[in-house]
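Colleague: Those protein sequences? They're chains A and B, same order as listed.
First residue of the first sequence? That's 1 in our numbering, and the numbers climb one at a time after it.
First residue of the second sequence? That's 1001 in our numbering, and the numbers climb one at a time after it.
No lab work stands behind these hints, which were simulated from the structure alone.
Every residue, glycine too, gets a C-beta built ideally from N, C-alpha and C.
It is possible that some hints are incorrect.
What the hints assert, rightly or not - Computed footprint of chain B on chain A; a stretch qualifies when at least three of its residues, placed anywhere within it, have a C-beta under 8 Å from a C-beta of chain B:
| # | region |
| --- | --- |
| 1 | 304-314 |
| 2 | 352-361 |
| 3 | 368-376 |
Unchecked claim - Mimicking DSS-like on lysine-lysine, the simulated pairs with C-alpha atoms at most 30 Å apart in a straight line are:
| # | chain 1 | residue 1 | chain 2 | residue 2 |
| --- | --- | --- | --- | --- |
| 4 | B | K1088 | A | K296 |
| 5 | A | K296 | B | K1048 |
| 6 | B | K1125 | A | K324 |
| 7 | B | K1025 | A | K321 |
| 8 | A | K305 | B | K1048 |
| 9 | B | K1002 | B | K1025 |
| 10 | A | K363 | B | K1025 |
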Amino acid sequence: MHDQIDHNAVKAILNTLRRKIARRTSDDEAVSMLSRFIEELTPQYGFLKYVSVNKAIYSESESIWVAPELSDVNEKEVFSALHKLVKKSVVEMKEKADFFFIREFQDAFEDMDVVHKSITDDIPLDEMQHEYLINRAHALSLEKNQLLINVVHSLLSVANSQLSESESVQVMEKSFLEILPQFPFFHSVNIVKNAETKGFYTVELSDNFQKIPTFQFADALYKLIYHVGNHLDFEQSSQFQTTLLQKIGKRDAELLRKLNVPIDHISFSKSHLNHQDLMQQLVQSLIEIIGERTSKYFAVAVMIKMLGNVKQSHSLLEKIKLSKTPDNYSLQFADDFESSNENELRKTVKALIQAVGAHLGRKRGDFIDELKKKLGKDFVSSLENMGINFHILEMKLN
Amino acid sequence: MKKKILVIDDNPMILFSVKEGLEEKFDSYQVDSANGGKECFKLLEDGKIPDLILLDIMMPEINGWDVYARLQENEEWKKIPVVFLTAKTDDYSKGFGKLVSEDYIEKPFELDELAIRIDEVLKKKGE
């Protein structure tokens, strides 16, 4: 591990923290909060004098400046100061500093290789997140088993408003299967036909969900809701949301909100975009963007080359073949492309976008904006739900 | 052995100055010139395969982007390192040009600098 951390990495960390605070408060409040924390911590960490928070001129990416001299300070010391800054932010924001604040902050570094290892080693974000949720779960007297049963029941009931009982169960089972790799504890959820009532199915748990860490439990519930919603044919996400809230009931809906399961902001793509559609749209959009500035013929050649380059580290691209045709191009997929792992697809998509935007300098922001426009709302939403953070991608370019 | 360079440009002055300049000032290059994409492909079809191509972008008939794309369709030609030599200096052209080429040199250029960049590409390819 390096003994020093680059001042630009610290600048990136602080600006990310500032953005995450601003999302929950306001830009002004975030800047003022961080200025105050830095002032308070400077007697203990003298090197914080190299950090300046620009109150007067607010700019999205450069409101916090870090002088190059900070690169000479011991990394452990720097991370200790950063840890205190994050902790102070959580305490200061109280209710606004939800579970997702720490997680989003952590996720923001997933792609920043320079700092990722250090930040996860030296700032105990997992621990902080866990601590936050344990406190929260106690405060809520959370009965996870009962909550899960109610959510599954409610989802079945929502599905049943569109489908037959057996079809509803199929949708649930399909959704469970999709998220099982991430949440294996869902193995112990059983949907069984209730012979006594001759009516609807009942939900039984063969394990105790109380022991599941609360943050994981909350995440699992959201993913389950999202996947079920995505399989149903609601015209709009809001219709699904309203129906689900009615079924869940006020008490448990409030519980879910307190756990920061975003049940009031469920957004899924109306169309069921499969892996092939996503990749096809991505390649097509990139070809259009390049082609509009150069030539279509060149754009196809660039994409063929990029797919080849990225294939070296992302073997999923072995299953795609882009070729030029006399007037256009064709994109062919191997039969098993659709069954590819979603995590692998996510990494491949990110790598491809980064490869194409690698040298765009000042235009990188425009490039990401334009890519989002070309992809279209549904595709962007699907990619974001898959874990693609376009803002981080923009930061990573160059 | 002299390194064979093919310079493709629609401006005869550029063709002349690159050919004469590189051949006279430096003893290590043999430069062929092509006035546009058509001439370039004729030379290649005739078997005159260079060690490196210097390619202008803004040319009539076939622009440099399309010349590059067509080079990639031929198994032998696609192996030739391409260096864009162009007055197109916007961020997008530079960004996308650098993605696939070995280098992207903006006009106007210094002959010495051009020779250094050519040597760097050839050295890298040789490794």
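Colleague: Run every hint past the structure and note whether it holds.
Modeller: Do the hints match the structure? See the list:
Three residues within the 8 Å Cβ limit are the bar, and the region 304-314 of chain A against chain B gives 3, so the coverage statement holds. Using a Cβ-Cβ cut-off of 8 Å, 7 residues of the region 352-361 of chain A lie near chain B, which meets the minimum of three, so the contact claim holds. By the rule of at least three residues with a Cβ nearer than 8 Å to a Cβ of chain B, the coverage given for the region 368-376 of chain A is violated, with 0 such residues. Only pairs whose Cα atoms come within 30 Å are accepted, and K1088(B) paired with K296(A) is accepted, the gap being roughly 17 Å.
Straight-line distance between C-alpha atoms of K296(A) and K1048(B) comes to about 28 Å, which keeps the hinted pair within the 30 Å bound. For a cut-off of 30 Å, the pair hint linking K1125(B) to K324(A) stands: about 26 Å separates their Cα positions. For the hint linking K1025(B) to K321(A), the alpha-carbon distance of about 46 Å lies beyond 30 Å, and the restraint is violated. A threshold of 30 Å between alpha carbons decides the hint, and for K305(A) with K1048(B) the separation of about 25 Å falls inside it, so the pair holds.
With a C-alpha separation of about 13 Å, the suggested pairing of K1002(B) with K1025(B) holds against the 30 Å cut-off. Note on K363(A) and K1025(B): the hinted pairing is violated, with a Cα-Cα distance of about 38 Å set against a maximum of 30 Å.
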